[in-house]
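These protein sequence lines map, in sequence, to chains W and Z.
For the first sequence, the residue numbers in my numbering are 5 to 333.
For the second sequence, the residue numbers in my numbering are 3 to 310.
These are computed hints drawn from the structure, not numbers from a lab.
Be aware that a few hints might be false.
Claimed, not checked - Keeping only pairs whose Cα atoms sit at most 16 Å apart, straight-line, the calculated EDC-like set for lysine to aspartate or glutamate is:
1) Z:K12 - Z:E29
2) Z:K119 - W:E236
3) Z:K91 - W:E240
4) Z:K119 - W:E240
To be verified - The calculated label-pair distances, taken between Cβ atoms and stated as ranges, are:
5) W:K243 - Z:E142: 52 to 62 Å
6) W:T238 - Z:A140: 32 to 42 Å
7) W:M15 - Z:S51: 47 to 57 Å
8) W:L190 - Z:V125: 24 to 34 Å
A quick note: this is a predicted structure, and the numbers were derived from the prediction, not measured.
Beta carbons: idealized from backbone N, C-alpha and C, even for Gly.
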Amino acid sequence: MKTAKFITKQMIKMFLLLLAVSIVAFALMTASPVDPLQANVGQTALGSMSPEQIQKLEEYWGVGQPPVQRYMAWLKDFIRGDMGVSLLYRQDVTKVIAVKLANSLFLMIIAWVMSGLLGFILGALAGMNRGKLIDKVVRGYCLLISSTPAFWIAMLFLIIFGVWLKILPIGLSVPIGVEASGVTFLDRVYHAILPAFTLSITGISNIAMHTREKMIDICESDYMLFAKARGESTWEIFKNHGFRNVLAPAMTLQFASISEIFGGSVLVEQVFSYPGLGQAAVSAGLGSDMPLLMAITMISALLVFGGNLIANLLYGVIDPRIRRGGAVR
Amino acid sequence: MERKKILEIKNMNISFCQYQKGMRQEELPVIRDLSLSVHEGEMVAVVGSSGSGKSLLAHGVMGILPYNASMGGEILYRGEPLTEKRIRKLRGKEIVMVPQSTSYLDPLMKVGTQICKGKKDLVRQKKLDQIFSRYSLAKEVQEQYPFELSGGMTRRVMISTAMIENPRLVIADEPTPGLHQKAAKSAMEHFRELADMGAGVLIITHDLELALETADRVLVFYAGYTLEDAKTEDFCKEETLRHPYTKALWRAIPKNGFQYIDGVQPYVKDMPSGCPFAPRCSRCSEKCHGEIPYREVNGGYVRCVYDS
Ligand code: SF4
């Protein structure tokens with residue numbers, strides 16, 4: 005009963021959020037100074053065209069139509085499940101997104117799992133050993149990474165591994181000059197290593213820092229002290245109490261970090277010319293490809309919201325105080 | 003019959019190191035001079051007002067003081083110094099602590115598993131069942147989480163963490179706060195049982211009357227010092243008590259007149275030199291401002307220039 009109510013509430017929340025996001029995204033796009041004709045057709049080409057041709061193009065890019073009308077038309081289609089046709093790729097948005105999303109997801113999932121696991125381990129270790137060498141190392145790493153922009157790290161890796169050492173490709177998600185059917189899974193992995201690695205490196209510091217904070221709070225709790233007084237070893241204390249208590253907040257963090265990984269992927273994909281959703285978003289934005297950009301926006305919002313929702317639900321599963329409906333702290 | 007001494011604490015002192023403004027460090031002595039002993043089968047209560055730092059006594063013996071605290075004096079367990087290495091081996095086995103509040107229980111671990119420290123083998127399970135029936139806790143409670151317990155149940159669960167071991171020394175830190183009269187009394191009785199089974203029990207409490215009902219000996223703790231160490235019988239009448247503060251406590255008991263004395267305990271930072279009780283003592287004289295020895299008088303101890 006309670007769960008049903010919770011889910012209904014979340015669904016309504018999600019619906020409202022998506023609506024709000026779509027309106028803001030659309031408003032921003034309309035307000036953007038990019039002239040779709042200039043951007044996509046080019047000044048010279050436009051100059052050599054007849055007014056009829058230009059008018060046709062304007063129609064195609066939606067220039068001149070009142071924004072509200074355009075938005076309503078888009079919304080109507082979107083609700084029916086029709087995301088429209090990408091103006092840049094001249095393909096169904098669904099198709100474009102399917103390909104890009106698959107690329108991006110591959111990247112993001114690797115980065116998400118890596119940063120989650122490593123971040124958790126490092127954070128827990130540092131927190132349990134507060135003030136000791138390992139803590140200092142982890143903290144130093146986190147500070148260094150979080151004060152360095154992700155795209156800069158990406159370029160650094162690109163230079164080191166792609167240009168100097170030449171052991172990893174400098175970009176794209178598949179080898180150049182190979183037919184799509186000839187691309188193996190290993191090729192994909194090979195091309196995803198560098199971007200995924202970059203993305204993880206930056207993700208780790210965030211997760212580790214927060215996990216460490218939580219772990220320190222837990223270590224200062226009375227129950228940890230009591231466990232010590234009961235003669236439990238450091239490992240037992242961690243296994244019995246530390247892990248158990250840090251798990252729920254860590255999970256929340258982990259799912260909430262989806263948004264950060266997503267944001268990071270836009271930059272990293274750009275640097276590595278990795279044809280993912282992030283890159284598509286950038287070109288859609290610069291090229292005024294309204295249907296594509298709107299669809300990407302909606303999907304990212306859904307992903308992020310979904311992550312947070314899962315985090316909330318998991319909390320209830322892990323924490324008995326919520327699961328058994330007791331007093332919520 | 004001469005009973006063996008389980009625990010002996012000689013001149014224990016515990017202080018905190020605090021950073022003042024800037025980099026100046028300040029020592030904050032919370033326990034200044036505390037001596038006591040606990041014998042096999044004996045229940046000793048340390049009575050002091052709340053917030054006087056007596057919990058640190060338990061933490062000091064268990065070796066779980068916070069990192070900015072330092073401890074001096076001597077602790078002997080069964081005749082030998084209780085070094086850090088030794089307490090590490092013994093705590094949770096021979097020497098157990100019963101904590102003061104639910105916050106000492108892991109909120110995410112089921113009660114049964116927690117009492118067994120996560121290792122629930124058959125032997126322990128059987129013992130746990132016995133303990134539970136002895137404390138009239140339903141078996142289902144084992145599957146519950148700490149937040150689902152009532153105050154009285156939490157008490158019994160915490161005592162169970164001691165019972166599951168085979169303790170020779172039990173140190174209970176404020177075992178009765180927030181319990182109504184009946185529950186508090188039965189909690190104390192459970193400790194009495196532990197003592198009757200042969201363990202030494204040290205209770206740290208603010209409730210003198212409750213302590214007098216069950217303990218064998220009562221120590222009065224005041225402003226970091228043990229002022230008096232008296233047998234429970236000594237509390238029958240005022241004359242057998244030694245220290246003016248103890249007498250004042252005695253008079254504050256309802257059936258003895260409900261008389262409170264004025265004033266409060268001096269704060270750690272502005273302690274009087276000499277007797278800590280001097281500012282409130284009616285018999286205070288010149289010699290009370292010097293060093294006051296802790297002396298044996300009539301089978302008990304007192305920290306006062308007068309014998310009684
Ligand atoms: S030493 Fe002096 S001041 Fe202190 S309690 Fe005894 S008589 Fe009172």
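Hint by hint, here is what the structure shows:
no., hint, in the structure
1, Z:K12 - Z:E29, "21 Å, violated"
2, Z:K119 - W:E236, "8 Å, holds"
3, Z:K91 - W:E240, "15 Å, holds"
4, Z:K119 - W:E240, "9 Å, holds"
5, W:K243 - Z:E142: 52 to 62 Å, "26 Å, violated"
6, W:T238 - Z:A140: 32 to 42 Å, "34 Å, holds"
7, W:M15 - Z:S51: 47 to 57 Å, "56 Å, holds"
8, W:L190 - Z:V125: 24 to 34 Å, "54 Å, violated"
Violated hints, in rising order: 1, 5, 8; the structure is consistent with all others.
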